[in-house]
Amino acid sequence: VEDSCDVGLCGSDWVEEQEERLGINLEILSEYSYGRRFNTSPRLDLVASRDAPFNTIGDLKNGLIILTEHPSITRKFLEENNYEAVELGKNHGTPLLPHEFREWCEREGKIGIRIVHGRIPALVNIGAGLGTLVSESGQTLEESGLKVVSGIREIKTLLIADRGALARGDKREEIRQLQRELDVAYWQINGEFEGGFPSTERM
Numbered sequence: 001v002e003d004s005c006d007v008g009l010c011g012s013d014w015v016e017e018q019e020e021r022l023g024i025n026l027e028i029l030s031e032y033s034y035g036r037r038f039n040t041s042p043r044l045d046l047v048a049s050r051d052a053p054f055n056t057i058g059d060l061k062n063g064l065i066i067l068t069e070h071p072s073i074t075r076k077f078l079e080e081n082n083y084e085a086v087e088l089g090k091n092h093g094t095p096l097l098p099h100e101f102r103e104w105c106e107r108e109g110k111i112g113i114r115i116v117h118g119r120i121p122a123l124v125n126i127g128a129g130l131g132t133l134v135s136e137s138g139q140t141l142e143e144s145g146l147k148v149v150s151g152i153r154e155i156k157t158l159l160i161a162d163r164g165a166l167a168r169g170d171k172r173e174e175i176r177q178l179q180r181e182l183d184v185a186y187w188q189i190n191g192e193f194e195g196g197f198p199s200t201e202r203m
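Sequential numbering from 1 applies to the sequence shown in the working numbering.
I should point out that these hints are in silico values taken from the structure, not numbers from a laboratory. C-beta atoms are modelled at their ideal positions from N, C-alpha and C, and glycine is treated no differently. Treat the hints with caution; some may be incorrect.
Unchecked claim - Computed cross-link-like contacts, BS3-like style, restricted to lysine-lysine with a CA-CA straight-line distance of at most 30 Å: (1) Lys-61 to Lys-76; (2) Lys-171 to Lys-156; (3) Lys-147 to Lys-90; (4) Lys-110 to Lys-147; (5) Lys-76 to Lys-110; (6) Lys-110 to Lys-90; (7) Lys-61 to Lys-110; (8) Lys-90 to Lys-61; (9) Lys-76 to Lys-90; (10) Lys-90 to Lys-156; (11) Lys-156 to Lys-76; (12) Lys-147 to Lys-76; (13) Lys-61 to Lys-147.
What the hints assert, rightly or not - Quick list of the computed label-pair ranges, beta carbon to beta carbon: (14) Glu-100 to Ile-189: 47 to 53 Å; (15) Leu-96 to Ile-126: 18 to 24 Å; (16) Gly-8 to Glu-103: 39 to 45 Å; (17) Gln-177 to Lys-61: 50 to 56 Å; (18) Trp-187 to Ile-24: 26 to 32 Å; (19) Leu-166 to Leu-22: 18 to 24 Å; (20) Asp-170 to Gln-139: 44 to 50 Å; (21) Leu-182 to Lys-61: 41 to 47 Å; (22) Ala-185 to Arg-163: 23 to 29 Å; (23) Ile-115 to Glu-181: 34 to 40 Å; (24) Trp-14 to Gly-145: 24 to 30 Å; (25) Ser-137 to Ile-115: 23 to 29 Å; (26) Ile-189 to Gly-8: 19 to 25 Å; (27) Gln-139 to Lys-171: 38 to 44 Å.
All chains should be built: construct the whole structure from the sequences, respecting the hints.
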């Protein structure tokens, strides 16, 4: 939004990640559930292979590697649970090669975070580490032989705006009108189809 657009819709996980990682400060106008059923939202979970000896956040140990597309949220979550976390290639003094990074984390008493785009369920399943995964129905977990170790964040859809656009009178009113219309439509649909979205035949 701050790059080329005035207003947009984005997952709350990515808004938080950009705020943590880049210091981007967006105006959040409205919040919506975007799961397949109303009043339920996808979650960002910490996951492990089904036979791994980790069942709660307290079971983690130094030297573990967590594969994620959300490095800042993952680091913050680990620190909230009293673990020291470092990111591969980012923290001063950490090795750049993944296998050396794992050994370094174990030696230094830390949990490692490695950015991976895609393939996280498959990599976790073959023992490359734990992972973070956005899930709603649990189908991907089941199909990939994974289990949830801990929930990290509930994910909502956020209506976001560029603060500069909101400061302009002409754009501010257009954005606020869009917000009002989206809010009304969202809650109308919520009332008409409580428990789920309408089928395509009825839309």
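Violations among the numbered hints, reported as their numbers in ascending order: none
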